Amino acid sequence: MRFLPVNSPDHHFPADHHFLPEQPIPRGRVWPVMEPLVNSHVPAEFLRLPDIPVETLFTPDPAPGFEPDIRLMHMLKGRRLLLDELLPDSSLETIQKHFAKGFIRFTTGFTKDKQCRRCGANSPADQALFHCFRCRKHCTYCRKCIMMGRVSECSIFVTSNVPAAEDPKNAAHTLAWEGTLSPGQKHASDFLTNRLQNGPPGECLLWAVCGAGKTEMLFSGIQKALKSGKRVLVATPRSDVVRELEPRFDQAFPDTEIAAFYGGSSDRFADADLTISTTHQLLRFYRTFDAVIIDEVDAFPYTHEPMLHFAVENAAKLNSHKVYLTATPERRMQRASISGTLPSVIVPRRYHGYDLPVPRFVWTFRWRKKAEKQEIPAAVTRWLRGHLENEKQIFLFVPTVKLLKQILPAAQKQFRVPVESVYSEDPDRKEKVTRFRQGKTRLLLTTTILERGVTVKGVQVGVLGADDSRFTESALVQISGRAGRSPDEPEGDVCFFHDGSTKAMVRARQQIEAMNREREGISR
Amino acid sequence: MNWKDLLNETDRCLYCGNGYAEPVSWQAVLGLGEERRLCPACTDKLISIDALSSCPGCSRTGSPILCSDCRAWKEDRFWADHPFTNLSLYEYNSWMKELIARFKYRGDACLAELFTGEIARRLGSAAAEACVVPIPLSEERQYERGFNQAELLAAACRPVNILTRSGQAGKQSKRSRRERIGTADRVFRIDPVSLPDNKGFILIDDIYTTGATIRSAARVLYEGGAEAVSGLTLARA
Ligand SMILES: [Zn+2]
Ligand SMILES: [Zn+2]
Ligand SMILES: [Zn+2]
Ligand SMILES: [Zn+2]
Numbered sequence: 001m002r003f004l005p006v007n008s009p010d011h012h013f014p015a016d017h018h019f020l021p022e023q024p025i026p027r028g029r030v031w032p033v034m035e036p037l038v039n040s041h042v043p044a045e046f047l048r049l050p051d052i053p054v055e056t057l058f059t060p061d062p063a064p065g066f067e068p069d070i071r072l073m074h075m076l077k078g079r080r081l082l083l084d085e086l087l088p089d090s091s092l093e094t095i096q097k098h099f100a101k102g103f104i105r106f107t108t109g110f111t112k113d114k115q116c117r118r119c120g121a122n123s124p125a126d127q128a129l130f131h132c133f134r135c136r137k138h139c140t141y142c143r144k145c146i147m148m149g150r151v152s153e154c155s156i157f158v159t160s161n162v163p164a165a166e167d168p169k170n171a172a173h174t175l176a177w178e179g180t181l182s183p184g185q186k187h188a189s190d191f192l193t194n195r196l197q198n199g200p201p202g203e204c205l206l207w208a209v210c211g212a213g214k215t216e217m218l219f220s221g222i223q224k225a226l227k228s229g230k231r232v233l234v235a236t237p238r239s240d241v242v243r244e245l246e247p248r249f250d251q252a253f254p255d256t257e258i259a260a261f262y263g264g265s266s267d268r269f270a271d272a273d274l275t276i277s278t279t280h281q282l283l284r285f286y287r288t289f290d291a292v293i294i295d296e297v298d299a300f301p302y303t304h305e306p307m308l309h310f311a312v313e314n315a316a317k318l319n320s321h322k323v324y325l326t327a328t329p330e331r332r333m334q335r336a337s338i339s340g341t342l343p344s345v346i347v348p349r350r351y352h353g354y355d356l357p358v359p360r361f362v363w364t365f366r367w368r369k370k371a372e373k374q375e376i377p378a379a380v381t382r383w384l385r386g387h388l389e390n391e392k393q394i395f396l397f398v399p400t401v402k403l404l405k406q407i408l409p410a411a412q413k414q415f416r417v418p419v420e421s422v423y424s425e426d427p428d429r430k431e432k433v434t435r436f437r438q439g440k441t442r443l444l445l446t447t448t449i450l451e452r453g454v455t456v457k458g459v460q461v462g463v464l465g466a467d468d469s470r471f472t473e474s475a476l477v478q479i480s481g482r483a484g485r486s487p488d489e490p491e492g493d494v495c496f497f498h499d500g501s502t503k504a505m506v507r508a509r510q511q512i513e514a515m516n517r518e519r520e521g522i523s524r
Numbered sequence: 001m002n003w004k005d006l007l008n009e010t011d012r013c014l015y016c017g018n019g020y021a022e023p024v025s026w027q028a029v030l031g032l033g034e035e036r037r038l039c040p041a042c043t044d045k046l047i048s049i050d051a052l053s054s055c056p057g058c059s060r061t062g063s064p065i066l067c068s069d070c071r072a073w074k075e076d077r078f079w080a081d082h083p084f085t086n087l088s089l090y091e092y093n094s095w096m097k098e099l100i101a102r103f104k105y106r107g108d109a110c111l112a113e114l115f116t117g118e119i120a121r122r123l124g125s126a127a128a129e130a131c132v133v134p135i136p137l138s139e140e141r142q143y144e145r146g147f148n149q150a151e152l153l154a155a156a157c158r159p160v161n162i163l164t165r166s167g168q169a170g171k172q173s174k175r176s177r178r179e180r181i182g183t184a185d186r187v188f189r190i191d192p193v194s195l196p197d198n199k200g201f202i203l204i205d206d207i208y209t210t211g212a213t214i215r216s217a218a219r220v221l222y223e224g225g226a227e228a229v230s231g232l233t234l235a236r237a
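Line order of the protein sequences matches chains Z and B. The numbering of the first sequence is our numbering, which starts it at 1 and goes up by one. The numbering of the second sequence is our numbering, which starts it at 1 and goes up by one.
FYI, nobody ran anything at the bench for these hints, they're computed from the structure. For clarity, every value in this text was computed on a predicted model and none was experimentally measured. Treat each hint with caution, since some may be false.
[To be verified] Non-contacting residues of chain B with respect to chain Z, defined by C-beta distances greater than 12 Å in every case (computed): (1) 46; (2) 48; (3) 67; (4) 76; (5) 107; (6) 112; (7) 126; (8) 219; (9) 220.
[Claimed, not checked] Heads up, simulated BS3-like pairs for lysine-lysine below, C-alpha to C-alpha not over 27 Å straight-line: (10) 322(Z) x 144(Z); (11) 77(Z) x 317(Z); (12) 104(B) x 144(Z); (13) 104(B) x 137(Z); (14) 373(Z) x 45(B); (15) 45(B) x 430(Z); (16) 97(B) x 45(B); (17) 97(B) x 405(Z); (18) 104(B) x 114(Z); (19) 413(Z) x 402(Z); (20) 369(Z) x 402(Z); (21) 440(Z) x 457(Z); (22) 74(B) x 430(Z); (23) 97(B) x 432(Z); (24) 74(B) x 144(Z).
Backbone N, C-alpha and C define an ideal beta-carbon position, used for all residues, glycine too.
The shape of chain Z in the complex, shown without the other chains:
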């Protein structure tokens, strides 16, 4: 995208007067007009937005009396969007006019130090160069967030330049949920309510074991926040969780406006009271939420995935509440919680009140060699046979897809029950998981992908090769958390088959045992 920088209205410039600001352009400032709107015969030098020094760029004050396009301003409410994202519903003329009237602002795609403004990536490995037809130069673009459309050096981000109009809204925000909270849930719910209502803005942690029932703990706090006029966001890494949460929140808050954002729903407007979004879609919001609740925050370890934290900072208002929700906080967060620097509440009990199953370690000499020879180690076979004969269903986790494929034929041959395997890119993943849920499949071999979210009653859990480096502490805690979820069958067998135990295995077991020692909620 190129601009014609205009220094004064009498610059020989044939475009429509709508494209010029009402206020005179101050001396030394430039006013940019987007290239396609300018007659290309104008003998002038076109520039890219980042090539115009920021301090010379002129953005007028909002013109009083101007009637803005409702649709455009609605799209921009609380969001920062690429010009390309606005164009299907608006036009360059409309956008230039709103810029001239001071209703919108332009920003570059990258910061001066070459950081993508949308996702925060700044490493050369996340960027590439192409010869750009829009700016006719070699143009850097961000590959990290490419799936949301390209942000390049000549891209333009558009934000609103007027304060969001406070539309009269139903302030009741009735909470229609009538279930009962477990003592641990109640403790966490009170903690959160108190923080969102009276606490200073800032971060806090809600550490709840797998099966504690975390959604219900949020209801009261969210209601109080909404009632005090706060805009609340619940963000989660997976789009199926957004789809699952939306109806639950709809039921709990029948007269609250709720919007859900996940892949493919990006065109929806962002001015609901309560927003549920995937962490990816979060990248489009801009300084709009008073409280952000991030589910499964450990899915994005800060050191490996700074993107989430960048996105949260952008989406939240400058002084806002950030609530981290997880069953398995990364060690940095665990330490901050223990030392008290991160205010936190721990829910150590499942909703049904029983202990978490503690993993057993079973030494399985040279399991990797055996698996490569397409054999299932004897210890694993014995364990599987025992549970299958008792009519139990089993998840057997393995570290890689390759290994999965190596042992599947042996498993299908040895056991006279339906056996299937599933991995993240498996095209039949949904159907296979459904068959397992229905009990049609008795043994499901799987890679780590099923560690979160999938809950099957009375399932036993084995990890073949728990010492593999892919099984981190948090992955192992999550995997163990698949067992004993139902109050009818709260006991579950969790077995780590290994060839020399690892720190991750030991820490996972310690974490589970520590939780079992606690009876009720703890807050720090």
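Using the hints provided, position chain B with the ligands relative to the given structure of chain Z.
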């Protein structure tokens, strides 16, 4: 990730981003294997079309004889006298579909680098003698996308832009095959008005679906005086 993974990891897949260990080979030592930037898992999904078991006219997979589509084209009086064959390199499986979508529609231009070397190799000496012409986009479409994917794919074959495309045709995928065959004809123009001295031309595009687009460009070249025109596309839908 622990130190073991770090030691093993020598490269990162340009497409999926996963790290992988590349076995040290003579090619790598001699610096010949440079454009191989797909990880083994992705390489497995990139399926080359075998020339011996696909249509000699359009690379449609399944049978080594001229397919019904190509026979239908030959019934057209123009194509009876003007030979046109297309070579497609890879199957348009779900993996390739996603890759091309990310390349074209999301705009991940650098994915072209995965294929430029192979395209040049497959054209071989033919590329040196003929004029390699990327199928152009309309001005509007190219502005929207920021680049022409066919031009990027042809980057290692010294492509020459001698065709232009008008914008009225609308979105190809939204219309039926009959409509496409009917309207494609007046879409391309030669610019500059006369052809360069070369007699042979090779058209490059990303996907061959019905062949209507690439043949419509080929026809314009033939009518402008070309002696031989053929096509090469990345994938065969
Ligand atoms: Zn980015
Ligand atoms: Zn550019
Ligand atoms: Zn890959
Ligand atoms: Zn054919």
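Status of the hints after comparison with the structure:
| no. | hint | result |
| --- | --- | --- |
| 1 | 46 | holds, 15 Å |
| 2 | 48 | holds, 21 Å |
| 3 | 67 | holds, 27 Å |
| 4 | 76 | holds, 34 Å |
| 5 | 107 | violated, 4 Å |
| 6 | 112 | violated, 9 Å |
| 7 | 126 | holds, 25 Å |
| 8 | 219 | holds, 26 Å |
| 9 | 220 | holds, 22 Å |
| 10 | 322(Z) x 144(Z) | holds, 24 Å |
| 11 | 77(Z) x 317(Z) | holds, 13 Å |
| 12 | 104(B) x 144(Z) | holds, 16 Å |
| 13 | 104(B) x 137(Z) | holds, 19 Å |
| 14 | 373(Z) x 45(B) | holds, 25 Å |
| 15 | 45(B) x 430(Z) | holds, 21 Å |
| 16 | 97(B) x 45(B) | holds, 11 Å |
| 17 | 97(B) x 405(Z) | holds, 25 Å |
| 18 | 104(B) x 114(Z) | holds, 24 Å |
| 19 | 413(Z) x 402(Z) | holds, 18 Å |
| 20 | 369(Z) x 402(Z) | holds, 13 Å |
| 21 | 440(Z) x 457(Z) | holds, 13 Å |
| 22 | 74(B) x 430(Z) | violated, 45 Å |
| 23 | 97(B) x 432(Z) | holds, 24 Å |
| 24 | 74(B) x 144(Z) | violated, 47 Å |
Checked against the numbered hints given earlier, this structure breaks hints 5, 6, 22 and 24; the rest are met.
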